[in-house]
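Asks: Let chain A serve as the given structure and place chain B on it in line with the hints.
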Amino acid sequence: MFISVEKIRSGVKTSFAQTISGTDIIVGARSSSLNVLLNSIFHIGISENMIQYNTFTRFKNHPMVDWAVPLSFGDSYRGNRVIGTTQDFFRRYQYRNHKPLAFSQGREFSKITETVIGSAVAKEANLIPGSTIILSHGISENAVLTHDDNPFTVIGILEKTNTPVDHSVFVSLEAIEVIHKNWQSGAYVENGEKVNIDNPNNYNISKISSFFLGCKSRLDVLTLQRETSQYIGEPLSVAIPGMALAELWQTLKIVEKALFSIGILAGLVSLLSMLIAVLTSLQQRRREIAILRALGVGPRKLFWLMTLESGFLSAFGLLLGFVLSYGLLFLLQEPIEMLTGIEIVITFPGTTELLYGVALLSIGFGVGFLPGALAYRMTLRDGLSMRL
Amino acid sequence: MKTIEVKNAVYSYGGNHNVVLPELQLGSGEHIFIAGASGSGKTTLLGALAGTHIVKDGIVLVHGREYKTMRPSQRDRFRADHIGYVFQQFNLINYLTVYENIALAAKLSRERMQRLKNPLKQEIEWLSQKLQIAELLGKKAGQVSVGQSQRIAIARALLGEPEIVLADEPTSALDADNRHRFIDLLFESLGKATTLIFVSHDRTLEKHFERTIELKTLREAIV
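Protein sequences appear in the order of chains A and B.
When the letters of the first sequence are read in order and numbered with my numbering, they come out as residues 1 to 388.
When the letters of the second sequence are read in order and numbered with my numbering, they come out as residues 1 to 223.
Check before you lean on any hint, since a few could be wrong.
Stated by the list, open to error - Taking lysine to any residue and the SDA-like style, the derived pairs with C-alpha atoms no more than 25 Å apart in a straight line are:
#	chain 1	residue 1	chain 2	residue 2
1	B	K140	A	Q283
2	B	K139	A	R285
3	B	K140	A	L292
4	B	K68	A	L302
5	A	K301	B	R71
6	B	K140	A	L308
7	B	K107	A	F312
8	B	K130	B	L108
9	B	K140	A	L305
10	B	K107	A	L302
As the list claims (entries may be wrong) - Now the stretches of chain B that chain A is said to cover, found in silico as 3 or more residues with beta-carbon under 8 Å:
#	stretch
11	67-77
12	86-96
13	104-115
Keep in mind that the hints were calculated from the coordinates and are not lab data.
For every residue, glycine included, the Cβ atom is placed at its ideal position computed from N, Cα and C.
So here's chain A without its partners, still in its complex pose (with noise of 0.2 Å):
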């Protein structure tokens, strides 16, 4: 039990630190750079300003800047929120360690009606290439609005991430101008002119959610941060991932004290409960301290026998442990990974688990002192007469 608690508590931080890598800052429309990261990253509420595509030009364009991608949000397919981007994102998104997005079926979106979809997505829609999807307006699961006007093509599909790119749709930027262009003020106006997608003057792209930017060089991170943050042109909101990932986490700690303080209890009750165990069989046990008295074995080992009956008892217990919640979590991994997105690693108990065993342990063998204390007094006290 404490164990497997502390595995999901190693694995929710990590999954989320590994969330996203490669990218050094995430520009969004003023708000917080948590929110920006919360939104842009996990898909988390809502960005309730646009940023200026011009914005986004000048800042891809910046010296130190190595590249840029662009995010549009505010469509979602079956509660799978659409990413407006392009094709850059694909190349530039990397997660866990640097690794790259990868294709298991198809090939990046190159029409205005070509879409890409997360693994996630493929899977629960049943979604195969040239499969066709319409997108829902709005981002909330029962959207009643819907782009049937313009439906999209399934072009490719993303290898599994265990990250909400699994749980994303993507098209391009244009794609998501392109459907909204006969809506107003968040509702389609019937005017009965057909966008004509082939013409590009139909969807000149005015304004995006937020957007990615890779340096050149790592040192100039804070220096871009700090402009990007200045920018005179809009207010922005800028979060470097690395930091504001940790930040997020820093708002997450009392979730993790949480989450250790019920492994503390589980082992503290486990003991209890052993405790208690041991002293009812205690009264049980008086006829066998007679017998053994009478065979000549002394209190003093009397109370070793006790007290390294209880240290067996945690012993064995840690060991069924170990195995239980290795093997619990050894089953559940897939279960849990398809429904949170937590992944969690297994790894040879590490020296946090080692150290919380070897505790738990030598208070298994402590608790054994009063059971052993308790048979010494008590054979002392009843000789060889079985009060029974």
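Replies: Same frame as chain A, now just chain B:
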């Protein structure tokens, strides 16, 4: 040298509550029946002879040694080496086999192990044949009947021929037929030099013994 000598032994149970054993002398190989209801000092007497109760005053010599002068661990050692003990009931450790229960007596005392004339296994088989429990040896002790378990207890008490066997109402859990059969088996298996002290309130068993002592007379002089 008498095997057991008790003279004016006073046992304190705190405050003014004392139990006194005025006199008792037993020689080697004597079989004695001690009659007395519970509360008549039975516990004290057995404790005194087994070395778990220590005199406040007076003399208790067992096999020429005095418990008073020994350290607690020496008393335990002495008991393991020289005394076989049979309880009223619940004589066995249930999760061990019958064989292991009997072997325990020799395993816990080097002296009794050395006194065996044959290897332990052979000795146990011989004893259990005499006591008619040979077929039970491989069973778990928790599975045998009360009568069987009492006989197993005797086998354990007699293993390695200790000088003294203390039996604390060993027949009280048995029915009348089994009682006499039990005592017959006990006597058949007892070594010649072994002194038996058999405590019981059942006077019908008295006839098997050479000598009877009333606990009442043993405690005559109450201070």
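Asks: Against this structure, judge whether each hint is valid.
Replies: Status of the hints after comparison with the structure:
1. K140(B) / Q283(A): Between K140(B) and Q283(A) the Cα gap is close to 21 Å, so the pair holds against 25 Å.
2. K139(B) / R285(A): holds, 21 Å
3. K140(B) / L292(A): Between K140(B) and L292(A) the Cα gap is close to 17 Å, so the pair holds against 25 Å.
4. K68(B) / L302(A): Holds, at roughly 22 Å.
5. K301(A) / R71(B): The given pair, whose Cα atoms are some 15 Å apart, holds under the 25 Å limit.
6. K140(B) / L308(A): holds, 24 Å
7. K107(B) / F312(A): holds, 22 Å
8. K130(B) / L108(B): OK: K130(B) and L108(B) at ~23 Å, within 25 Å.
9. K140(B) / L305(A): Given that 25 Å is the threshold and the Cα spacing comes to 21 Å, the pair holds.
10. K107(B) / L302(A): Distance ~16 Å between K107(B) and L302(A) Cα, so the pair holds.
11. 67-77: holds (count 4)
12. 86-96: Result for this restraint: holds, n = 6.
13. 104-115: holds (count 4)
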